[in-house]
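Q: Taking the hints into account, I'd like the entire structure generated from these sequences.
Heads up, the sequence shown is in full-length UniProt numbering, so the first residue is 1 and it goes up one at a time.
Simulated from the structure, these hints should not be mistaken for laboratory data.
Cβ coordinates follow ideal geometry from the N, Cα and C atoms, glycine included.
Hints may be right or wrong, so weigh each one.
[As the list claims (entries may be wrong)] Calculated lysine-lysine pairs in the DSS-like style (CA-CA distance at most 25 Å, straight line): (1) Lys176 x Lys123; (2) Lys6 x Lys119; (3) Lys295 x Lys209; (4) Lys123 x Lys66; (5) Lys66 x Lys176; (6) Lys295 x Lys6; (7) Lys66 x Lys119; (8) Lys189 x Lys176; (9) Lys490 x Lys451; (10) Lys66 x Lys6; (11) Lys490 x Lys295; (12) Lys209 x Lys176.
[What the hints assert, rightly or not] Simulated restraints, written as ranges between beta carbons of each label pair: (13) Ala309 x Ala408: 50 to 60 Å; (14) Arg157 x Pro328: 15 to 25 Å; (15) Arg376 x Glu160: 18 to 28 Å.
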Amino acid sequence: MSTQSKPLSEVEHIKTQSRLLRGTLAESLMDPVTGAISTPDTSLIKFHGSYQQDDRDIRDERRLQKLEPAYSFMLRTRLPGGVCTPAQWLAMDALAREYANHTLRITTRQAFQLHGVIKDDLKPTIARINQALMDTLAACGDVNRNVLCNPNPVDSRVHETVYQWAVRLSEHLLPKTRAYYEIWLDDEKVAGGEEEPIYGPTYLPRKFKTAVAVPPLNDVDVFAHDLGFIAIIEGDTLAGFNVSVGGGMGATHGDAATYPRLANVVGFIPPEKTLEVAAEVVRIHRDFGDRSNRKHARLKYVLEERGVAWFTAELERRLGFALQPARPFSFDHNGDRFGWVEGHDGKWHLTLHLDSGRVADRPGAPHLTGLREIARFHTGDFRLTANQNLVIANVSAEAREAIDALVARHGLDGFRSASPLRRNALACVALPTCGLAMAEAERYLPAFVEKLEARLVAHGLRDANLLLRITGCPNGCARPYLAEVALVGKAPGRYNLHLGGDVRGQRINRLYRENIDEDGILAALEPLFAEYAHERKPGEGFGDYVVRAGHVPAPPAKVTPNAAA
Numbered sequence: 001m002s003t004q005s006k007p008l009s010e011v012e013h014i015k016t017q018s019r020l021l022r023g024t025l026a027e028s029l030m031d032p033v034t035g036a037i038s039t040p041d042t043s044l045i046k047f048h049g050s051y052q053q054d055d056r057d058i059r060d061e062r063r064l065q066k067l068e069p070a071y072s073f074m075l076r077t078r079l080p081g082g083v084c085t086p087a088q089w090l091a092m093d094a095l096a097r098e099y100a101n102h103t104l105r106i107t108t109r110q111a112f113q114l115h116g117v118i119k120d121d122l123k124p125t126i127a128r129i130n131q132a133l134m135d136t137l138a139a140c141g142d143v144n145r146n147v148l149c150n151p152n153p154v155d156s157r158v159h160e161t162v163y164q165w166a167v168r169l170s171e172h173l174l175p176k177t178r179a180y181y182e183i184w185l186d187d188e189k190v191a192g193g194e195e196e197p198i199y200g201p202t203y204l205p206r207k208f209k210t211a212v213a214v215p216p217l218n219d220v221d222v223f224a225h226d227l228g229f230i231a232i233i234e235g236d237t238l239a240g241f242n243v244s245v246g247g248g249m250g251a252t253h254g255d256a257a258t259y260p261r262l263a264n265v266v267g268f269i270p271p272e273k274t275l276e277v278a279a280e281v282v283r284i285h286r287d288f289g290d291r292s293n294r295k296h297a298r299l300k301y302v303l304e305e306r307g308v309a310w311f312t313a314e315l316e317r318r319l320g321f322a323l324q325p326a327r328p329f330s331f332d333h334n335g336d337r338f339g340w341v342e343g344h345d346g347k348w349h350l351t352l353h354l355d356s357g358r359v360a361d362r363p364g365a366p367h368l369t370g371l372r373e374i375a376r377f378h379t380g381d382f383r384l385t386a387n388q389n390l391v392i393a394n395v396s397a398e399a400r401e402a403i404d405a406l407v408a409r410h411g412l413d414g415f416r417s418a419s420p421l422r423r424n425a426l427a428c429v430a431l432p433t434c435g436l437a438m439a440e441a442e443r444y445l446p447a448f449v450e451k452l453e454a455r456l457v458a459h460g461l462r463d464a465n466l467l468l469r470i471t472g473c474p475n476g477c478a479r480p481y482l483a484e485v486a487l488v489g490k491a492p493g494r495y496n497l498h499l500g501g502d503v504r505g506q507r508i509n510r511l512y513r514e515n516i517d518e519d520g521i522l523a524a525l526e527p528l529f530a531e532y533a534h535e536r537k538p539g540e541g542f543g544d545y546v547v548r549a550g551h552v553p554a555p556p557a558k559v560t561p562n563a564a565a
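A: Listed below in C-alpha cells is the structure:
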C-alpha cells in the first residue's frame, strides 16, 4: 500500500540488500585493518543496538598523524520501562569498566548506554549483556525502540499491570529476523523462510518511539512519541488506554519542512486491544512514511500532512473496529519525584539525581562505585527514569538506613541540596562522541546550570521549578522542545534559545533568540527572570508566564494535544 513515488534514500537501498539486517556485519567485525565497519553496515548495526562513533576531540590530531579516527561504538540496551535487577546492574557495571570508558549512562529512553567499546570487544560485550537476560536488539534503527513506562510501577498494583503492558508491547514489536542472534550470539544461520509480519523486508522509514504514561505523572513525556498509551485507571482497575499518535522532537536547522510536534489523542481502547492497535499504527508508518527523505520520515509528518481524521479512519479500517471516545485525564508534571517515596505494599523507593544520567567515579563523587556497593546487597530492583535519573526501588523499611549511608558516603545525595533547576535539567551526550553534535550539551550542562542558578538567586527564584534542557543539535534527543528554557546547539558555543514549554509536557516551546552565545543567552533571560519574579501568578511556571506575557506566542493548534482535562 506504499505511496512512495520519489527515489528511495540510500539507507532504504541498504536495508533492501541487507538480508534482513545481516549485511556484511560479520565480515566487518573480522576486518583487522580498521577499527571501523563498512559504511552500509554503520546503518545496519543501529538495528542491533549500536552506533559507530569516534572521538571528535582528537579527530584533527589523528588526521595530522595520518591515522584513522579513533573509532569506537556506543551500545544501548533494550530495557522496557527501565526496570533491571541488581544482578543486571552489576553486569552493566562490569562491562563499563572492562570494555567501555568506565561510565554508564542512563538515557532519556530508560536504557543503559555504554560508550567507547572498540570493535573487537563488541561481540563479547553484547554476549554478556544477553547472558544477563537483557539485549540490545532494536534499541536503535528504523524500528520501535525501547518502550518507556512510568518508572515507579510499584506505586500501586495497577502500575505493575501497566508496566507489564509496556513489556508486552516491546516484545510484540521486536523484529523477527534471526540476524542479531546469528551475528552476536553464534546461533545457527536460518536457511530461508524468515519474514517480518509487522515491519516488512525494509522495516520502517525512520525510528519509532512508544511510551506508556500513568496520569497524573507525565514523566515519560508521552506526547513527544510516535505512539502513546495513557493509562485510564478507574477505581483500582486499569480500564484501558487513551491512544496518542504523531509526536516527535526532531527537526533540522533551516528546514521548515521539519519541526517538533506533539501527539494527538485519537481515542480509547480496552487493554486487550493494545498490541493490535500498536502493530497497526506501526504498519501505517511503514506504508505511508517518507522513504526518500529521512529528515521528513517520522510518523508525525504523516499525521500533519494527511490529517488526524484521515489517520484515525485508516487505523480503524485496518483494525476492523472503531476507537471509543477518549476518556478524561490530566497531568500534573513531567519530572521525577526525588527522595524516598513509600509504595502501596510498604516497600520504599529512592529516586537519585544523576547529572545527564552519567554514572561515573569522580573526585568526591564515586557514583559508579557507590551504586555497585548498593547493588551487591539490594534485594529489590533499579528503575531507570526517562529523565536520566535512577530509582532504587522495592527497598524494605529495614534496609533504608544502610542505603542512605551508602548514598551519602558516595556523594549520591546531591538531590537533597540541589536546586529544582539542577534536578530537572536534561542534556544529550553531544560532543565528543555524537557525530551529529554542533555544540556541547552534557559537558556544558553543569557550568551553565551554575550560571543560571546565580541569576535565579539574584531574583529570589532559587526554588523556581524551572525546566531546562540542552541538546547539541536540533534532533531533540533530550526532548528540548518541551522545556521551559531550551538551548539547541547551532555551532560551537552557540545555541538557539527556545522558551515557553510547560511542566506537564503538553506545550511545544518557541524560538526566542537564534544563534547566540552564553552571554547572549544570559542577557536574554535576565529581564524575563526579573519580570517573572514580580509578575507571576501563584503557582505559575516560567514557561506559562512567558506565554501569558506575550514574550513568545502560544503554539499553533497543530502541535497541541487534545488532552481532556
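Q: Now tell me, hint by hint, if it's right for this structure.
A: We went through each hint and held it up to the structure:
1. A C-alpha spacing of about 20 Å is found between Lys176 and Lys123, which places the hinted pair at or below 25 Å, so the restraint holds.
2. Taking the CA atoms of Lys6 and Lys119, the gap is about 36 Å. The hint is violated against a cut of 25 Å.
3. Simply put, Lys295 and Lys209 have alpha-carbon atoms about 16 Å apart, close enough for the 25 Å limit, and the pair holds.
4. Simply put, Lys123 and Lys66 have alpha-carbon atoms about 28 Å apart, too far for the 25 Å limit, and the pair is violated.
5. Between Lys66 and Lys176, the direct Cα distance comes to roughly 42 Å. Violation of the 25 Å bound is thereby established for this hinted pair.
6. At roughly 14 Å between alpha-carbon atoms, Lys295 and Lys6 fall within 25 Å of each other, so this suggested pair holds.
7. Simply put, Lys66 and Lys119 have alpha-carbon atoms about 20 Å apart, close enough for the 25 Å limit, and the pair holds.
8. For the given pair, Lys189 sits about 14 Å from Lys176 by alpha-carbon distance, which is consistent with the 25 Å threshold.
9. Pair hint Lys490 plus Lys451 holds up; C-alpha atoms about 20 Å apart against a cutoff of 25 Å.
10. For the hint pairing Lys66 with Lys6, the CA-to-CA distance comes to about 40 Å; that exceeds 25 Å, so the pair is violated.
11. Among the hinted pairs, Lys490 with Lys295 is consistent with the structure: their alpha-carbon atoms are about 17 Å apart, no more than 25 Å.
12. This hinted pair checks out: Lys209 and Lys176 have alpha carbons roughly 18 Å apart, not beyond 25 Å.
13. The given range of 50 to 60 Å is respected by Ala309 and Ala408, whose C-beta atoms sit roughly 56 Å from each other.
14. At about 22 Å, the beta-carbon gap between Arg157 and Pro328 stays in the expected band of 15 to 25 Å.
15. Arg376 and Glu160 have their C-beta atoms about 26 Å apart, which keeps the hinted 18 to 28 Å range intact.
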